[in-house]
Amino acid sequence: MTGLSSVANNRAIAPWLFSGPLLLVMGFGFIWPLLQALANSFHPNTPQGIDFTQWTLHNYSRLVDPFYGEILVRTLRISFLVTAITAVLAYPVALFIVRLTPRAQSLFILAYISPWLVNTVVKALGWTLLLRTNGVVNTVLRQFDLITVPLKLMINEIGVVIALVPGHFMFVLLPLWAALSGLDPALSWAAGTLGARPSAVFWRVLLPLTLPAFIAGLVINFIMNMTAFAIPMFLGGTRTMVASMLAYQINLISLDWPLGGSLALALLVCTLALVWAGQRAALLVVTGGRSPP
Amino acid sequence: MILVVNLLMLIVVLAPVVIVVWMSFTPTAMFVLPVTQLSLRWYREALSYPGFVDAFALSFELAALAAAVTVGLSFCAAYGLVRYRPRGQATLRAFFTAPLLVSAVVFGVAMLQFVNRFGLYNRFAGLVIAHVILVVPFAMRSLEATISAVPEELEWAAMILGRSRFATLLRITLPLCARGLVTAFLFCFLLSFSEVTTTIFMTGPGLQTLPVRIYTYMSDRIDPTVAAVSALVVLVSVAILVILNLLGGLRRLTSR
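Listed in order, the protein sequences are those of chains A and B. For this note's numbering, count along the first sequence from 1 and bump the result up by 780. For this note's numbering, count along the second sequence from 1 and bump the result up by 2.
Take these hints with a grain of salt, some might be off.
[Unchecked claim] Reference excerpt, derived from the structure (chain A facing chain B, CB under 7 Å, subset only): (1) V898; (2) A1027; (3) Q1029; (4) W1056.
Read the hints as simulated data drawn from the structure, not as lab findings. Note that CB positions come from ideal geometry on N, CA and C, so glycine has one too.
Next up, chain B with everything else stripped away, as it sits in the complex (with noise of 0.2 Å):
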């Protein structure tokens, strides 16, 4: 019993995926079932419309910013609370984990009132704010158990030997937490490449990001070409995950 409610739970989760893939490769112009014939005409379709392509372009620019920008503050961060566990370290990691519990439409919300007091709304700069805060308390999670987990002995014999703390930093430390440097990155790409909520109250029909061009055209009609891009945006989560599994990334990530 207990084993069908798991096959069947499974099936469910992945049933919107896996049906997105499949209907991909439909050669007609409906979705007819059963799929015979395999085609990869929607994928020309869709790789030649120019809204799919350049979303696509700033989506990747956005995340790969966006992750790259998060992991490097959350990272000194991290030092500092890890390596000092200075007074009132329990409300800083509270504070940085704050955004959790913003649910992204509210977030949405403030941030459309915000950015359009500081003239950034339809701009990149104000995209990139909005996703370095949705990300930040995972790249906080992952980065300060990375840094515990480099003994600090390696830190304090580097010390007596003479490298000062910052050289110490630099030269022990970050080589040490290169695997969960990039680990981190590589979460935060994915989870800002699939944000979708937030980014709907930011942008007007000049910026889109790949989730939100997609939520557009689906608003106005579905067809195949839809179902191409979706399969590629498929493509590229997967392919982070299986990068991230090899790295035992996710673990980490998921206890706790």
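One chain only, chain A, in its complex shape (with noise of 0.2 Å):
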């Protein structure tokens, strides 16, 4: 035991000691995979299995087709669509939370981030139950004779928007709570005494404070757009095809792994060039953009 005690004392040695074995199973875990499915992106795909002995760029220009190029752009549009709804609603509904009771404040949440839990299938069934032709909300407007013709809510983008707007809210809602109950009341208050109307507080005061938070919520929100599965799958169907589905079909169904490799790292490329360009505007706002337009 004193053998080890002194390894424990040295503040060089013991840090790695107690990281170490995470590190070995995030290196074994998460690096390896990720490097695996690079090093195949680069080699030809043949009958036989991945050719090793040959290296090749192909897997990345065939992600240029226009078949590609559609899904991506389908992509692109349902996840645009479903962060700009969400900045939208993101204030309001934060905004309310913060004026409540602590108690209240935390039931909100609780309720906010639930369905985060249950896993996105049974939203994807919950949403089917609602939105198809014979469906909750098609039955209720029919009872009220609001409508005639039942509307097609879902095998299309429109049920995709539906069910993601719900369904990735809390990544924009949280931050944006939490930085809205960090700001000092008396910052409405004092802007609301020297003459702003609530508009212009809110414009003025709370918009920009609380903006860096705002935006690296909305990139969150845009990346689990980008790559949600479930959800597109049922409520998007197969003629509405995004990027998720497009990865899983040409991994486990036409089996091409070098290909789905490029297409998988041509995915987490985007992903952190956005989460870099958030947290560059973020910076931006907090140091340049304090002044209002």
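The task is to assemble the complex, starting from two chains supplied on their own in separate frames and drawing on the hints.
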């Protein structure tokens, strides 16, 4: 035990002793798989399997194909629409919640995050029951004679958007709520006493101060939309194919792993670029954008 | 106005989950509105369908094992980071939360190609590795906060009185972190239990977790049986959430 103790007291070695096991597991189960997919993506696929003796960029040039391009544009369009709707809705909800008592606040937040902890397949089932031709929404609308022909709310992009907005809402709401509750309440009050109307308080005080958290949340929201799987699968169907369904098809049905690897890595690079851009934007807001336009 | 937006949003967020639970009690084979009579018929149906029962057992074992491994590894790593504050701790911290930046689909593709290389495709061990990686960021965050909340003076006191650092860790720090450890375990369990996307890429028909089993069933047909199973999943999730909330863990996990 004394030997171990002297190691444990050595400030240079000890932290690595404690972090080492997790580092090893993550190196093996996280870094290696990503590198494996990266390596596979640079080799040609043959009927006998991946040909590791040859190197190629062919898998990446195949991604530019118009068929894939269409899927990518659709994925971007859906993701952008969902993030835009979320952006409009997030502030009213967050502003409402921060004005409540702490107990009511945690209840509301719990209500907003709990669906996230139920798996997405169950939520996809719920949305299917709500939105399909003879689903709850159409039945109710017809009962009240608001429509005569059932609305087509799923197996199209509308269905995917309807289900994704609430599905990923909390990724914006949580950081925004945290940022707003961290603000000194005296700020709004001070602006009010100086003659600012409530709308001016929002646009010129609250918004600029919480913009970094807001942007960070929107970036995460966008990424989650880009790579959502079960919701587009059930609400969009195969005719509304998005990038994640394409990844599934290439990897598990066509079994073309080099191409699948290149698609996955292209998605990863897009995500990381977005995170980086979001952080840059947030930083700009904090340092240079404090004076309102 | 702001109240209306909030209530509408809350309804929309909760609607899919509520409707699944509601529909699972329908007495007929079709989902017909309004549900006037309640029946447990489809629960009996679901519980006598071996595909769901086996998948539930598998998901439960997988979530428990992945959560236990993750909490164990993350507690050690978090202790190293918090108590020694090594050089490069910011890099280490970023590395441990990096799986958050890799979306589940990308990780699923990478995992598929990786497990095939090692003959782990359709194997329990492969799933455990994947689920551990997916939940590590959450465990690290909550356990770092837990350990930071233990006053270091208590550890110093034990060591001054002659305990070794390891004995101090086991006899002082670990018991004081008990609540945080339980919280982290339950949260990891819940995340693993509801993981779909990565798992779908790694499993064939022989080894399906419950969400994947529901997914394949739903691709085939949608009937009240699948609603009943889904309602049971919701029940498990809500039960764990309630315990988490009682332990006060949710606030710590959601703030920041």
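Checked hints:
Restraint check, V898 of chain A versus chain B: the minimum CB separation of about 5 Å is within 7 Å; hint holds. A hinted interface residue such as A1027 of chain A counts as satisfied when its beta carbon comes closer than 7 Å to some beta carbon of chain B; here the least separation is about 5 Å, so the hint holds. Evaluation of the Q1029 of chain A hint against chain B yields a violated restraint, the C-beta minimum of about 11 Å exceeding 7 Å. At a threshold of 7 Å, the smallest CB-CB gap from W1056 of chain A to chain B is about 10 Å, leaving the interface hint violated.
Comparing the model with each earlier hint shows violations of hints 3, 4; every other hint is respected.
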